[in-house]
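Here's the letter readout for the chains.
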Amino acid sequence: GIQVEQSPPDLILQEGANSTLRCNFSDSVNNLQWFHQNPWGQLINLFYIPSGTKQNGRLSATTVATERYSLLYISSSQTTDSGVYFCAVAGGANSKLTFGKGITLSVRP
Amino acid sequence: NAGVTQTPKFRILKIGQSMTLQCTQDMNHNYMYWYRQDPGMGLKLIYYSVGAGITDKGEVPNGYNVSRSTTEDFPLRLELAAPSQTSVYFCASRRGGNTEAFFGQGTRLTVV
Chain A
1 GIQVEQSPPD LILQEGANST LRCNFSDSVN NLQWFHQNPW GQLINLFYIP SGTKQNGRLS
61 ATTVATERYS LLYISSSQTT DSGVYFCAVA GGANSKLTFG KGITLSVRP
Chain B
1 NAGVTQTPKF RILKIGQSMT LQCTQDMNHN YMYWYRQDPG MGLKLIYYSV GAGITDKGEV
61 PNGYNVSRST TEDFPLRLEL AAPSQTSVYF CASRRGGNTE AFFGQGTRLT VV
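Going line by line, the protein sequences match chains A and B.
This note's numbering applies: residue 1 is where the first sequence begins, and numbers increase by one.
This note's numbering applies: residue 1 is where the second sequence begins, and numbers increase by one.
Simulated from the structure, these hints should not be mistaken for laboratory data.
Remember, predicted model here, so these are calculated numbers, not experimental data.
Heads up, some of the hints might be wrong.
[As the list claims (entries may be wrong)] Below are the BS3-like pairs computed for lysine-lysine, each with C-alpha atoms no more than 25 Å apart in a straight line: (1) Lys54/A / Lys9/B; (2) Lys101/A / Lys14/B; (3) Lys44/B / Lys96/A; (4) Lys57/B / Lys9/B; (5) Lys54/A / Lys101/A; (6) Lys57/B / Lys44/B; (7) Lys9/B / Lys44/B; (8) Lys14/B / Lys96/A; (9) Lys96/A / Lys54/A; (10) Lys44/B / Lys14/B; (11) Lys101/A / Lys57/B.
Input sequences plus hints: build the corresponding full structure.
Printed below as a string of structure tokens:
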């Protein structure tokens, strides 16, 4: 199956700083999503982005499918951005949605 | 618009007991998934289904069973609960193909 690697595993930021989270995947995909798991455990959909670039407020994401990676950008970070960020992918005829191990982000006031 | 609904939200089981975790979606999605998330870890796929009557094993299926008799419902059955099944369980659905997945709020299960 498709392998998903996220980096860095942990990230500590001061409030107001910017950050880039990376997701590498081992095969072509037709589904790539970024999720934020908040401190209460809820999985929040951030982006559905199998290719191209999208923006939503302070967050944006870019997927370069031909090079098998996706980036999530967080600008002017806030303490409420803390939590775990997951990348999940599915590819080809395979309907499985495979998750990376996540990136734990802590934003300090 | 309920989306994906999981019940119960919390449950404590004794070793050897059995239970069914319920998952229902009202978006007419074909694909449904069950994941477990152990503390501090990512999500591991237990079972998935691409339509009514069709199920398949994921990465960690042992100790679980599923059925998909309708498009809306995808229950997960635990037989003979073990402490290793203590986890948070998430159900998800998507229409299929190149579409976005949506998750339920999770069921926190403790086996003692």
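So which of the earlier hints does this model not fit? 1, 2, 8
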